[in-house]
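Q: Sequence:
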Amino acid sequence: MDALPGVPLHPRRALLPWGACGLPKEVGVEPALRAEGLTKAFGRLLAVNGVSLLVPQGSVHAVIGPNGAGKSTLFALLSGALRPDRGRVWLFGREATPLSPEARVRLGLSRTFQVSQVFPGLSVRENLWIALEARRGLSPFPWLRARDRAWLAERLEELLERLRLKEKADRPVGELAHGDQRVVEIGLALSLGARLLLLDEPTAGMSDEETWRTVELLRALREAEGLTLLFVEHDMEVVFGLAERITVMHLGEVLAEGTPEAIAADERVQQAYLGEVVPGYEGA
Numbered sequence: 001m002d003a004l005p006g007v008p009l010h011p012r013r014a015l016l017p018w019g020a021c022g023l024p025k026e027v028g029v030e031p032a033l034r035a036e037g038l039t040k041a042f043g044r045l046l047a048v049n050g051v052s053l054l055v056p057q058g059s060v061h062a063v064i065g066p067n068g069a070g071k072s073t074l075f076a077l078l079s080g081a082l083r084p085d086r087g088r089v090w091l092f093g094r095e096a097t098p099l100s101p102e103a104r105v106r107l108g109l110s111r112t113f114q115v116s117q118v119f120p121g122l123s124v125r126e127n128l129w130i131a132l133e134a135r136r137g138l139s140p141f142p143w144l145r146a147r148d149r150a151w152l153a154e155r156l157e158e159l160l161e162r163l164r165l166k167e168k169a170d171r172p173v174g175e176l177a178h179g180d181q182r183v184v185e186i187g188l189a190l191s192l193g194a195r196l197l198l199l200d201e202p203t204a205g206m207s208d209e210e211t212w213r214t215v216e217l218l219r220a221l222r223e224a225e226g227l228t229l230l231f232v233e234h235d236m237e238v239v240f241g242l243a244e245r246i247t248v249m250h251l252g253e254v255l256a257e258g259t260p261e262a263i264a265a266d267e268r269v270q271q272a273y274l275g276e277v278v279p280g281y282e283g284a
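Heads up: the sequence shown is residues 1 to 284, going by the UniProt record's numbering.
No wet-lab data here; the hints were simulated from the structure.
No residue lacks a Cβ here, since even glycine has one placed at the ideal position from N, Cα and C.
A hint or two may mislead.
[Said to hold, decoys possible] In silico lysine to aspartate or glutamate, DMTMM-like type, Cα no more than 20 Å apart, as pairs:
id: 1; residue 1: Lys168; residue 2: Glu209
id: 2; residue 1: Lys166; residue 2: Glu210
id: 3; residue 1: Lys168; residue 2: Glu158
id: 4; residue 1: Lys166; residue 2: Glu216
[What the hints assert, rightly or not] Pairwise CB distance ranges (calculated):
id: 5; residue 1: Glu261; residue 2: Glu216; range: 19 to 25 Å
id: 6; residue 1: Ala146; residue 2: Asp85; range: 39 to 45 Å
id: 7; residue 1: Glu209; residue 2: Gly37; range: 24 to 30 Å
id: 8; residue 1: Glu216; residue 2: Glu36; range: 32 to 38 Å
id: 9; residue 1: Asp148; residue 2: Arg83; range: 51 to 57 Å
Model the full structure from these sequences, guided by the hints.
A: Take a look at the structure:
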């Protein structure tokens with residue numbers, strides 16, 4: 001499939017939609033995420049107003065919009081960091097509206113932040129081990145601890161392989177390149193049993209090469225781990241190359257939602273956002 005008209009693609013970052021990769025899309029009986037009528041005000045500022053969202057299991061969904069559109073507030077509502085004034089959230093078929101962020105993590109949701117949440121003085125291996133042990137724990141019975149440690153060690157090696165960090169496993173995370181630190185952060189989420197990843201600008205601050213590697217890694221992890229991805233991103237090359245569906249927010253509301261092709265052709269989106277973000281953008 002050709003690049004979307006008007007969206008310039010770097011030759012080293014020829015990102016293709018998921019459908020072009022031939023990856024199977026797992027759609028569960030219940031969606032990974034369903035939100036209905038989410039509303040949140042801060043004083044007189046209505047940050048999110050009646051936003052609904054449906055993200056099937058195994059899908060890849062992007063949320064875009066200009067600064068101040070309400071994207072970060074929406075993610076805070078979905079992750080449980082904020083409680084909505086109105087509206088409800090379901091995770092994998094279970095209502096999560098009253099649940100804490102920790103309880104939502106136990107249901108399989110994990111949110112990565114724009115600022116990496118890692119232990120910079122510890123090695124990659126140590127960071128992942130801590131997260132794995134926090135999830136799995138060790139049996140109080142000595143004769144079962146060897147079994148638990150064996151499982152942890154096996155899962156750790158599997159993650160290092162899938163994250164493509166095996167050669168850097170014993171280096172302090174703080175010494176890694178920015179892109180690798182973000183990959184470690186994703187690894188921490190997987191270590192905690194994430195099935196749905198909320199990614200805040202996963203390629204922010206990365207070079208072209210780091211961005212390409214991260215996008216390819218997300219594709220591979222989605223297939224290997226059966227992940228559902230919901231991400232906010234300002235890089236339109238990444239958005240149009242990675243997402244299966246796109247929700248466009250503007251002034252706290254959903255302006256449009258659809259496939260990348262439909263969003264590219266939507267005049268309202270071009271006027272509100274794409275024409276400013278991608279110079280020369282003319283739509284489909």
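Q: Each hint should be assessed against the structure and marked as holding or not.
A: These are the hints, each one checked on the structure:
1. At most 20 Å may separate the alpha-carbon atoms for a hinted pair to count; Lys168 and Glu209 meet this at roughly 18 Å.
2. Distance restraint check for Lys166 and Glu210: the Cα-Cα separation of roughly 17 Å lies within the 20 Å cut-off, and the hinted pair is therefore satisfied.
3. The hinted pair formed by Lys168 and Glu158 meets the criterion: a straight-line CA distance of about 14 Å does not exceed 20 Å.
4. For the proposed pair Lys166 and Glu216, the alpha carbon gap of about 17 Å is at most 20 Å, so the pair holds.
5. The hinted window of 19 to 25 Å between Glu261 and Glu216 holds, with their beta carbons roughly 22 Å apart.
6. Judged by the Cβ atoms, the range 39 to 45 Å given for Ala146 and Asp85 is violated: they are separated by roughly 51 Å.
7. At roughly 42 Å, the beta carbons of Glu209 and Gly37 sit outside the given window of 24 to 30 Å.
8. Separation of Glu216 from Glu36 is about 34 Å and conforms to the stated range, judged on CB atoms against 32 to 38 Å.
9. The supplied range of 51 to 57 Å is broken by Asp148 and Arg83, whose beta-carbon atoms lie about 36 Å from each other.
The structure fails hints 6, 7 and 9 (numbered hints given earlier, in ascending order).
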